[in-house]
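Trainee: These are the residues of each chain, in order.
2 protein chains.
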Amino acid sequence: MATARLLLLTVAAAVAGSCFCSGQEAKPPPYCGSVRTAVEAHNIIGWKTFTADCAKYIADYMTGDRYTRDADVVINEAIAYAESLKLSGSGKEIWVFDVDETALSTLPYQANRGYGVQPYDQASFIQYVTEGSAPALQGTLRLYQRLLQLGIKPVFLTDRTEDQRTVTTNNLLSQGYCSWEKLLLKPVELQTSTQAFKIEERKKLVDAGYVIVGNIGDQWTDILGSPEGCRTFKYPNPMYYVA
Amino acid sequence: MATARLLLLTVAAAVAGSCFCSGQEAKPPPYCGSVRTAVEAHNIIGWKTFTADCAKYIADYMTGDRYTRDADVVINEAIAYAESLKLSGSGKEIWVFDVDETALSTLPYQANRGYGVQPYDQASFIQYVTEGSAPALQGTLRLYQRLLQLGIKPVFLTDRTEDQRTVTTNNLLSQGYCSWEKLLLKPVELQTSTQAFKIEERKKLVDAGYVIVGNIGDQWTDILGSPEGCRTFKYPNPMYYVA
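Residue numbers (UniProt numbering), protein chains in the order written: chain A, 1 to 243; chain B, 1 to 243.
Don't read these hints as lab results, they were simulated from the structure. Predicted model, so just to flag it, every value in this text is computed and none were measured. Be aware that one or more of the hints could be misleading.
No farther apart than 35 Å at their CA atoms in a straight line, the calculated lysine-lysine pairs in the DSBU-like style are these [stated by the list, open to error]:
1. Lys27(B) to Lys204(A)
2. Lys203(B) to Lys203(A)
3. Lys204(A) to Lys203(B)
4. Lys27(A) to Lys86(B)
5. Lys186(A) to Lys204(B)
6. Lys86(B) to Lys48(A)
7. Lys56(B) to Lys203(A)
8. Lys86(A) to Lys92(B)
9. Lys153(A) to Lys186(B)
10. Lys48(A) to Lys153(B)
11. Lys203(A) to Lys27(B)
12. Lys92(B) to Lys56(A)
13. Lys204(B) to Lys27(B)
14. Lys56(A) to Lys56(B)
15. Lys92(A) to Lys203(B)
Short, incomplete list of chain B residues facing chain A, as computed with Cβ under 7 Å [to be verified]:
16. Thr68
17. Arg69
18. Asp70
19. Val74
20. Cys230
21. Lys234
In this text, a Cβ means the ideal position worked out from N, Cα and C, and glycines have one as well.
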């Protein structure tokens, strides 16, 4: 991110001398979309916040048509893939879903925090989770419903912690996620990274005889690392990065 | 791709009844950018051509500012990463580069074939390679030059075949890629996929004591599969997919 940020600051300095007419909103710098693409394609990793220069761009993106379309294209592809599978009939085929920003939206929370331009604040995020009011991401719910029809069982795998099991269960149920094979939450005291935790849990699923036919998450750390699943899907999220 | 294509065709049908004024060019459908993002993020895989509905979009993208910016952001990030490394001094740190559409551009060829909207044609592509006139992708050349300064040795790993060694060598040299540790081409008779070939070659490099600090390619099949390298970079390419 260092050079990208440097580039952003350099360009910002270059336009600082321009005349912005009173009352006219400055256009976001043109590279904001390229940075977002680089985040989605796992080229920019380990970042803390999206650059402040792109605050308006990200807010417009997250609340506009493009984000919805980006998500719909991913979900359509996931459904087409699921429909193409020949299932074994064993009932052991599962699909792994991340929770926050994949099954459930964090947008009402992010809207008050600049859509990722402000740094992550654990206390206020836990407060949001605890309210249990997160709305479903409608595309993911559509994928979930189709998988149930097809006989592929959902497994939720999240870095929410065990003490959030009840609120998470109720939130998922209230939003239409009506059944699942497992809801796997992180032990409260676990010290490993989210990625290491998720890889370990997927290993346990495979060892128990499950076949992970699909795996969807908004973070690359949800879907990288063997066993990742037969096919993985990166749900769009330019707002935050989880290691 | 099936559902994405279905979506594209459905939307195309929905607008077919609209009036397009004579002489006014139809705007590309709005989902073309989302499909491109999904290709870059490895959500849409195994595709043969970009949908014809997006022909104008892809041509505009490949010849416009956005493609250059997308590439620059990736290259800037790769350079920042390389500059952050503490090298061992052993001279064994290498960076793996793909050739076509990473080190050398195929754009002069693609321009005559709808930038990927027409299906892949091996004979004409080999003809393009054989001419040896492919220009460098300037961002990649910039990364290459910085790596040489830093003491990281370039290795070219390509699915071009051994019988194309001389023309490839001359093309690379003529475009400013002036030295390399290895140029690894595919044996003419090899039957495995490009991905399997590249994984096997990276294994051999690691077994020979090299440390692959970076790996850049325009295809996900260049950069997925252990050992992939300490960090990987996906160079933008919505024009074709290699399995």
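Trainee: Hint by hint, say whether it matches the structure.
Mentor: Comparing the hints with the structure gives:
Pair hint Lys27(B) plus Lys204(A) does not hold up; C-alpha atoms about 50 Å apart against a cutoff of 35 Å. Taking the CA atoms of Lys203(B) and Lys203(A), the gap is near 24 Å; set against the 35 Å cutoff, the hint holds. Annotation: proposed proximity of Lys204(A) to Lys203(B) holds, straight-line Cα distance about 28 Å (limit 35 Å). Under the criterion of a C-alpha separation no larger than 35 Å, the hint pairing Lys27(A) with Lys86(B) is inconsistent with the structure, at around 39 Å.
For a cut-off of 35 Å, the pair hint linking Lys186(A) to Lys204(B) is broken: about 38 Å separates their Cα positions. Note on Lys86(B) and Lys48(A): the hinted pairing holds, with a Cα-Cα distance of about 22 Å set against a maximum of 35 Å. Straight-line distance between C-alpha atoms of Lys56(B) and Lys203(A) comes to about 45 Å, which puts the hinted pair past the 35 Å bound. The hinted pair formed by Lys86(A) and Lys92(B) fails the criterion: a straight-line CA distance of about 46 Å is larger than 35 Å.
The suggested pairing of Lys153(A) with Lys186(B) is violated, with an alpha-carbon distance near 42 Å, which exceeds 35 Å. Taking the CA atoms of Lys48(A) and Lys153(B), the gap is about 31 Å. The hint holds against a cut of 35 Å. For the hint pairing Lys203(A) with Lys27(B), the CA-to-CA distance comes to about 47 Å; that exceeds 35 Å, so the pair is violated. Note on Lys92(B) and Lys56(A): the hinted pairing is violated, with a Cα-Cα distance of about 44 Å set against a maximum of 35 Å.
Proximity of Lys204(B) to Lys27(B) is assessed by CA-CA distance (about 49 Å); at most 35 Å being required, the pair is judged violated. The straight-line distance between the Cα atoms of Lys56(A) and Lys56(B) is roughly 28 Å, inside the 35 Å bound, and the hint therefore holds. A threshold of 35 Å between alpha carbons decides the hint, and for Lys92(A) with Lys203(B) the separation of about 34 Å falls inside it, so the pair holds. Here the hint on Thr68(B) is broken, as its CB sits about 9 Å from the closest CB of chain A, past 7 Å.
With a cut of 7 Å, the hint placing Arg69(B) at the interface with chain A holds, because the nearest CB-to-CB distance is about 4 Å. Of the supplied interface hints, the one on Asp70(B) holds, with its beta-carbon coming within about 5 Å of a beta-carbon of chain A, less than 7 Å. Of the supplied interface hints, the one on Val74(B) holds, with its beta-carbon coming within about 5 Å of a beta-carbon of chain A, less than 7 Å. For Cys230(B), the shortest C-beta to C-beta distance to chain A is roughly 12 Å, which exceeds 7 Å, and the interface hint is violated.
Taken as an interface hint, Lys234(B) checks out: its beta carbon lies about 5 Å from the nearest beta carbon of chain A, inside 7 Å.
Comparing the model with each earlier hint shows violations of hints 1, 4, 5, 7, 8, 9, 11, 12, 13, 16, 20; every other hint is respected.
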